[in-house]
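Undergrad: Below, each chain spelled out in residue letters.
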Amino acid sequence: MNKKLVSNILFYVLVTGIALIVLFPFLWMLSSSFKTQVDIISWPPKLFFEPTLRNYQKVFEEQDFLKYFLNSTIVGVASVGFSLILGLPAAYSIARYAQKKLAVFILLARLMPGISFLVPWYIVFSRLDLMDSYVALILSHMLISLPIVVWIMTTYFNTIPREMEESAMVDGATRQYAFYAIILPLSGPGIITATTLSFIFSWNNFMFSQVLSMEKTKTLPIAVYNFLSYAEVDWGGVMAAAVAIMTPAIILTMVFQKYVVKGLTMGAVKG
Amino acid sequence: MIQSSFTERNLKILFPLPAIIFVAMLMVFPVLYTLFLSFTNWNLTSGAPLSFVGFRSYARVLTEPRFLDALARTFAFTFFAVVIEGVLGVAIAIILNRAFVGKSVAKLLLLLPLVATPVAVGIVFNLFFDPTIGLANFILKSTGLPQGLWISSAASVLPSLIIVDVWQWTPMITLIVLAGLAGMSNEPIEAAHVDGASEWQILRYVTIPMLMPVILTAVILRLIDALKTFDIIFAMTGGGPGYASETLNIMGYKYSFEYFRMGQSSVILVVLFLVVFGCSLGIMKLRASSEI
Numbered sequence: 002m003n004k005k006l007v008s009n010i011l012f013y014v015l016v017t018g019i020a021l022i023v024l025f026p027f028l029w030m031l032s033s034s035f036k037t038q039v040d041i042i043s044w045p046p047k048l049f050f051e052p053t054l055r056n057y058q059k060v061f062e063e064q065d066f067l068k069y070f071l072n073s074t075i076v077g078v079a080s081v082g083f084s085l086i087l088g089l090p091a092a093y094s095i096a097r098y099a100q101k102k103l104a105v106f107i108l109l110a111r112l113m114p115g116i117s118f119l120v121p122w123y124i125v126f127s128r129l130d131l132m133d134s135y136v137a138l139i140l141s142h143m144l145i146s147l148p149i150v151v152w153i154m155t156t157y158f159n160t161i162p163r164e165m166e167e168s169a170m171v172d173g174a175t176r177q178y179a180f181y182a183i184i185l186p187l188s189g190p191g192i193i194t195a196t197t198l199s200f201i202f203s204w205n206n207f208m209f210s211q212v213l214s215m216e217k218t219k220t221l222p223i224a225v226y227n228f229l230s231y232a233e234v235d236w237g238g239v240m241a242a243a244v245a246i247m248t249p250a251i252i253l254t255m256v257f258q259k260y261v262v263k264g265l266t267m268g269a270v271k272g
Numbered sequence: 007m008i009q010s011s012f013t014e015r016n017l018k019i020l021f022p023l024p025a026i027i028f029v030a031m032l033m034v035f036p037v038l039y040t041l042f043l044s045f046t047n048w049n050l051t052s053g054a055p056l057s058f059v060g061f062r063s064y065a066r067v068l069t070e071p072r073f074l075d076a077l078a079r080t081f082a083f084t085f086f087a088v089v090i091e092g093v094l095g096v097a098i099a100i101i102l103n104r105a106f107v108g109k110s111v112a113k114l115l116l117l118l119p120l121v122a123t124p125v126a127v128g129i130v131f132n133l134f135f136d137p138t139i140g141l142a143n144f145i146l147k148s149t150g151l152p153q154g155l156w157i158s159s160a161a162s163v164l165p166s167l168i169i170v171d172v173w174q175w176t177p178m179i180t181l182i183v184l185a186g187l188a189g190m191s192n193e194p195i196e197a198a199h200v201d202g203a204s205e206w207q208i209l210r211y212v213t214i215p216m217l218m219p220v221i222l223t224a225v226i227l228r229l230i231d232a233l234k235t236f237d238i239i240f241a242m243t244g245g246g247p248g249y250a251s252e253t254l255n256i257m258g259y260k261y262s263f264e265y266f267r268m269g270q271s272s273v274i275l276v277v278l279f280l281v282v283f284g285c286s287l288g289i290m291k292l293r294a295s296s297e298i
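If you're matching them up, the sequences are chains E and R in order. For the first sequence, this note's numbering assigns the number 2 to the initial residue and increments by one for each residue that follows. For the second sequence, this note's numbering assigns the number 7 to the initial residue and increments by one for each residue that follows.
Excised from the complex, chain R in its bound form:
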């Protein structure tokens, strides 16, 4: 006997409906509202009524050197952080991919940076990078290298922040690649062994190509998050010194909640949204086409 009540017939839509409404209200509506605000000159501090200015806020923000620098910096930070994390993450996974005493401890350790509160991580590295009392300069000094200013200088602030991001997120790539390695069939590798291939050749021509889809997905997930990096930058430098570490996310935050120039901040947020959305969309296409 099939009971065919209304709920039962429409379960497909009714079950996810609350979640859909929730996401529509908390994500879709805000994004549209931000888009709307980007065409206004609304400024919360001036008290002037909101008025439509068309693309004037866009014209103003998109030509501002501070914005263009932040845009370029966002890409630079993301690019270098993700490339380094990708290379290190895969390398470490390949090193760890064998049975050894203490493997489970090693895997637990890898998890720790991933669950550590980013703001607190930023603060710990603040002390680490402190030019006078920090350990970073102490290490450089003891090894005879010249000491640096780290996050206190415009020239070195971005690389320093990348170091923190690399420390925190490389394990993510390692864990994903390790999981990929664990699920990989051994046959091609054994066949290559039989054919007399060297370890290096096997790695280069068998293991890595087979792992490529997993590596790609891991790197892509990181890329999307790296574009949005906020906590460590905000906690460590607040975008400074000057604007030297200001990314789109930080700039958008300052325009919104420090200057309260909502019209202009919305332009920044729309651009950031489009950058992340574009990357995500491209990635989903890529995943779909390669059947990962």
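Bound-form chain E, shown alone:
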């Protein structure tokens, strides 16, 4: 009895410790974003301080973060949308005709280092006068989201019994019609998982935008990074920028928690 109590206490101490380590950088980032520069560089670090909104003002008023916010959203939404258009039929075909090689081919885009595509992209997009354009960014981000869509949706379509469309086909429907009218309406959960995950990955992507975008189409991760390089000592502003970029992804994750977990763990666990 006593032993059980001790082990329970030990367990909660351990879990709290883990939670604190996970949370700590977020809390620290949040608190620093409300600190004045003086409070940030004071030693020892201050736990209690008078909060200021000055850093957020700097980020949104002086740095034009709203524009970068909008850019990230445009690129994220468009790349995920087009990836769904290309990826859903592809995943259906892979699932129903067991096209394993094709699946591997598309998944390679997820495994290969992005930088091995970047030099040719840079050259070709420059020639086509597409540097700093939404087109180039959206295309590059599609290479992130398409494999995610195909991976998640192939797995998902495999869980839908073939009888679903086959019974419709017996009644004279084409397979194409059955896919759009029967299978897709059943695929909500899979599509939510794929959409959420690929949007977050696009949102967080740094390397592609760093090379392909300039002032006009600059996305948030680049803006945050630039903030660091030319405002090297303005930690409060940088932290406010970091909070601003992480908040949408975290909110999405909280809302779609179940789907995000499923997407991240899918495939590793047989399913």
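No lab work stands behind these hints: they were computed from the structure. Some hints could be false.
Stated by the list, open to error - Under 7 Å between C-beta atoms, here's a sample of chain R residues computed to sit facing chain E:
id: 1; residue: Ala25
id: 2; residue: Val29
id: 3; residue: Leu114
id: 4; residue: Leu115
id: 5; residue: Leu275
Unchecked claim - Label pairs and their computed distance ranges (CB to CB):
id: 6; chain 1: R; residue 1: Ile214; chain 2: E; residue 2: Asn227; range: 43 to 49 Å
id: 7; chain 1: E; residue 1: Lys68; chain 2: R; residue 2: Val59; range: 54 to 60 Å
id: 8; chain 1: E; residue 1: Asn3; chain 2: R; residue 2: Val107; range: 19 to 25 Å
id: 9; chain 1: R; residue 1: Ser57; chain 2: E; residue 2: Ala99; range: 43 to 49 Å
id: 10; chain 1: R; residue 1: Met31; chain 2: E; residue 2: Trp44; range: 51 to 57 Å
id: 11; chain 1: E; residue 1: Leu48; chain 2: R; residue 2: Lys109; range: 28 to 34 Å
id: 12; chain 1: R; residue 1: Phe266; chain 2: E; residue 2: Leu54; range: 41 to 47 Å
Even for Gly, the Cβ is constructed at its ideal location relative to N, Cα and C.
For this one, chain E is given, so just place chain R on it according to the hints.
TA: Same frame as chain E, now just chain R:
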């Protein structure tokens, strides 16, 4: 009645065709183009026309100490990060694998590092590791330990970056292993209980061996991503101090987009590609043979 239009008969190929064309244009063509460039001496800043030099760029880059260091560093970073993440990730999953108050909150918390923007994570840890105002040294000081230079010193920069990677990606392994544990049959464990095995023995001889395929896949997924780590290194150190944290990915980036030596950078990118491709291929073979 079976309608047998052209589309219908060729759905198998037509449905994935746009995706195939897309991947061919944005992935296959660029990789081949990079391979082609690696046999040239193309340099965007010199303005000289591109000319074929055979394996000369390879000979030059592959013998350069900076490259060999970056290659070794890439493997070292990956190895230590993934081993630590694997051990911690599995351990945490086993700890959390029981019903307790606040389990759903704990699982939500585990998701947060995974969705946090890596560049921003890097920046937050930059402040954390700052030798004079950072919390890392404050913690060391309050516990009486000697303070460190963290990412400001060549000796400690790589371990510091590994700490960040471990913080961000250990939860990934934990979540995958937790999902594996949830889908595992309880019978062997109960049988072991009946046979009088201790908790430790059950863990060591029943649970972990049964989980091995899941653990392996989780670790492998991490390994492939760790080889390509870019954002946190770029944001935190840019490969410095000196070249002390320069991995292949960072070096390839600098050669391409800071020095514009496309011929030589392509050699680096081909090597990185082969390293990742080789690992992925080996892994797929492994998965196929073990029927995971």
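Undergrad: So, against the hints stated earlier in the document, which numbers end up violated here?
TA: 7
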